[in-house]
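Colleague: The opening position of the sequence shown corresponds to residue 6 in our numbering, with each subsequent residue numbered one higher.
A few of these clues could be false.
Straight-line Cα separation of at most 20 angstroms, PhoX-like style, residue types lysine-lysine; simulated pairs [what the hints assert, rightly or not]:
1) Lys114 <-> Lys99
2) Lys99 <-> Lys66
3) Lys66 <-> Lys114
Just the calculated beta-carbon pair ranges, DEER-fashion [as the list claims (entries may be wrong)]:
4) Ile46 <-> Val132: 26 to 32 angstroms
5) Gln131 <-> Asn39: 30 to 36 angstroms
6) Gly45 <-> Ala105: 28 to 34 angstroms
7) Val129 <-> Asp84: 18 to 24 angstroms
8) Thr50 <-> Asp122: 21 to 27 angstroms
9) Gly45 <-> Ser112: 16 to 22 angstroms
10) Arg51 <-> Ser117: 33 to 39 angstroms
Keep in mind the hints are simulated off the structure, nothing from the lab.
Remember, it's a predicted structure, so these values are computed and weren't measured experimentally.
Just so it is clear, CB atoms sit at the ideal spot from N, CA and C, and this is done for glycine as well.
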Amino acid sequence: MPVEVLSSIKKILKSRSSRNLRLEIDEDIYYLGNNTDSIGIISSTRDIVIAGRFSGTAKTKANFNILDRSEVEGEIMADNLESMGKLEAMAIAKNTVIRASSRGSLSLKTTSLVVEDGSKINIVSQVGME
Numbered sequence: 006m007p008v009e010v011l012s013s014i015k016k017i018l019k020s021r022s023s024r025n026l027r028l029e030i031d032e033d034i035y036y037l038g039n040n041t042d043s044i045g046i047i048s049s050t051r052d053i054v055i056a057g058r059f060s061g062t063a064k065t066k067a068n069f070n071i072l073d074r075s076e077v078e079g080e081i082m083a084d085n086l087e088s089m090g091k092l093e094a095m096a097i098a099k100n101t102v103i104r105a106s107s108r109g110s111l112s113l114k115t116t117s118l119v120v121e122d123g124s125k126i127n128i129v130s131q132v133g134m135e
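The task is simple: from the sequences and hints, build the whole structure.
Modeller: Below, the structure is given as structure tokens:
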């Protein structure tokens, strides 16, 4: 992730474990750090970046990014979804990019899907949603 993006992060969850997380965020970026393990609901109008483990529901009207070595389980609703980590999820996204380092399984509704060679992910998708 570019340094300028990291420097603009307004919310950083620093604890190792957060249970029953429920956040509504209107900051520039919501960042879940790489040493976190959270369960709950994230609702944002801005970008969400997952570097740790998240289980639950995440909704954003912007980008949802799953970084390498991170894990997401649950439901994702976003304008743009990009995964480099592990997914066990159902997702609805306008645009979806699955990077080579992605793994797991994904049930997906999207208008655009790009899957890089080398990804180890099982995708059941409906492409061309309205």
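Colleague: Against each hint, give a clear statement of whether it holds in the structure.
Modeller: These are the hints, each one checked on the structure:
no.: 1; hint: Lys114 <-> Lys99; in the structure: holds, 8 angstroms
no.: 2; hint: Lys99 <-> Lys66; in the structure: holds, 10 angstroms
no.: 3; hint: Lys66 <-> Lys114; in the structure: holds, 15 angstroms
no.: 4; hint: Ile46 <-> Val132: 26 to 32 angstroms; in the structure: holds, 27 angstroms
no.: 5; hint: Gln131 <-> Asn39: 30 to 36 angstroms; in the structure: holds, 32 angstroms
no.: 6; hint: Gly45 <-> Ala105: 28 to 34 angstroms; in the structure: holds, 29 angstroms
no.: 7; hint: Val129 <-> Asp84: 18 to 24 angstroms; in the structure: holds, 21 angstroms
no.: 8; hint: Thr50 <-> Asp122: 21 to 27 angstroms; in the structure: violated, 34 angstroms
no.: 9; hint: Gly45 <-> Ser112: 16 to 22 angstroms; in the structure: holds, 21 angstroms
no.: 10; hint: Arg51 <-> Ser117: 33 to 39 angstroms; in the structure: violated, 21 angstroms
Checked against the numbered hints given earlier, the structure breaks hints 8 and 10 and satisfies all the rest.
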